[in-house]
Amino acid sequence: MAEREQRFLEYVQEGGQVETDDWMPDEYRARLIKFIEMHGNSELMGVLPEREWILRAPTLQRKLALTAKVQDEVGHAQLIYRVVEDLGKPREQCLDDLISGKSKFHNVFHYPTKTWGDVGVIAWLVDAAAIISQKALLKCSYAPYARIMKKICWEESFHILHGRDVVLAMMLGTDEQRELVQEAVTRWWGPLMQFHGNPIAAEDDPMFVWRIKSQGNEEARQQFLDGYVPQILELGLELPDPNLRKDEETGVWEYTEPDWAELRHVVTGHGPKSQERLEFRRLARRETEWVRETVLAEAA
Amino acid sequence: MDVYEVFRQERKGQAFQHAGSFRAPDQRFAEMYAREFYGRRGESVALWIVPRDAIQPIEEFVDELNRNYHRVDGYSLKEKLREARARVSS
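Respectively, the protein sequence lines represent chains Z and E.
Residue 209 in our numbering sits at position 209 of the first sequence, and the numbers go up by one each step.
Residue 375 in our numbering sits at position 75 of the second sequence, and the numbers go up by one each step.
Bound conformation, chain Z alone (with noise of 0.2 Å):
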């Protein structure tokens, strides 16, 4: 390693910041990029499977709540493809990458959602498991992904709320709505335990030695687990996992280990919705083709 990559590496892993302008090494470009890049990229595709149900929520305060929910999503693509831009990358390309299938996007954004209770279920926890890689961000070695976390992370914490009060809503309804709940946790808990990643030590992840995530992967799913685990269990709902349990000694979680086979076959573009949800972006690229060439024409 050239002495200034090391110096640069020495600088970031004692809590150094680094801005737009200054030097960085080559990998560390490519690995900010193509990381934000999936972030940004999760962000928009993470709207599909909610957009879907706009049209059916239970009412006008639900319909409203999940509009702005949507809105946001996509306020923070904006905003991430705006510091990968910065990086090098336009967010033309990104966008031409991503409905190519050529990048990718989180795994839990390729699953259906098939009720109502799927809706709370990704609000809350879909969403909680993502607030925690991305409060893991807050103290990225790269000071402008880590502002704009600042405002997506205060969003997301309402994104739960809501995603927690569909679920008290229906928890609190008939069995018939309990039972979609529950059915939604059973569907969800695969990919959520599969969402932090595979347990790789911290040392060895290449995103954590150049400070780009704060955290390892195992941490950030034992932390998911700490938190979430008692919430669900207390409104007597059951996970399908016979061996999860925490080791009251160490603290620590004990799962069962999750289907990573899965998960690397879902985020190369073969879950159940990876490829109707692609065709469906390319559709609206498509389609909004003229108001972007109105807008540049007119204001040019």
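I should point out that these hints are in silico values taken from the structure, not numbers from a laboratory.
A couple of the hints might just be wrong.
[As the list claims (entries may be wrong)] With a Cα cut of at most 25 Å, we get these calculated SDA-like pairs of lysine to any residue:
{"hint": "1", "chain 1": "Z", "residue 1": "63", "chain 2": "E", "residue 2": "335"}
{"hint": "2", "chain 1": "Z", "residue 1": "102", "chain 2": "Z", "residue 2": "112"}
{"hint": "3", "chain 1": "Z", "residue 1": "89", "chain 2": "E", "residue 2": "350"}
{"hint": "4", "chain 1": "Z", "residue 1": "150", "chain 2": "E", "residue 2": "368"}
{"hint": "5", "chain 1": "Z", "residue 1": "102", "chain 2": "Z", "residue 2": "255"}
{"hint": "6", "chain 1": "Z", "residue 1": "89", "chain 2": "E", "residue 2": "341"}
{"hint": "7", "chain 1": "Z", "residue 1": "150", "chain 2": "E", "residue 2": "317"}
A quick note: this is a predicted structure, and the numbers were derived from the prediction, not measured.
Since the structure of chain Z is provided, determine the placement of chain E on it from the hints.
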């Protein structure tokens, strides 16, 4: 499309802080985007939007003469105080 930097003030009297940036085709869109991205939940009481090109960065501060007499680190009193106290008590 130009890049605009956004600075936001969370409460009256507080310093404006850099929040992020966006691209906009013109000033009109810039105002609209700024309101949408950084103000629609009442999270800011004021925003400054500045075309990136208008910002002149200054990042080097060379102290060629090592002028520590106008900083606190130019005054180390500990040793002198000890001596002064010793002189009085002897």
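Going through the hints against the structure:
Taking the CA atoms of residue 63(Z) and residue 335(E), the gap is about 23 Å. The hint holds against a cut of 25 Å. Restraint check for residue 102(Z) and residue 112(Z): the C-alpha separation of about 22 Å stays at or below 25 Å, so the hint holds. For the suggested pair residue 89(Z) and residue 350(E), the alpha carbons sit about 22 Å apart, so the restraint of at most 25 Å is met. With a C-alpha separation of about 37 Å, the suggested pair residue 150(Z) and residue 368(E) falls outside the 25 Å cut-off, and the hint is violated.
A hinted pair counts as satisfied when its Cα atoms are at most 25 Å apart, and residue 102(Z) with residue 255(Z) does not qualify at roughly 33 Å. Under the criterion of a C-alpha separation no larger than 25 Å, the hint pairing residue 89(Z) with residue 341(E) is inconsistent with the structure, at around 30 Å. Between residue 150(Z) and residue 317(E) the CA atoms are separated by roughly 12 Å; this keeps the pair inside 25 Å, and the hint holds.
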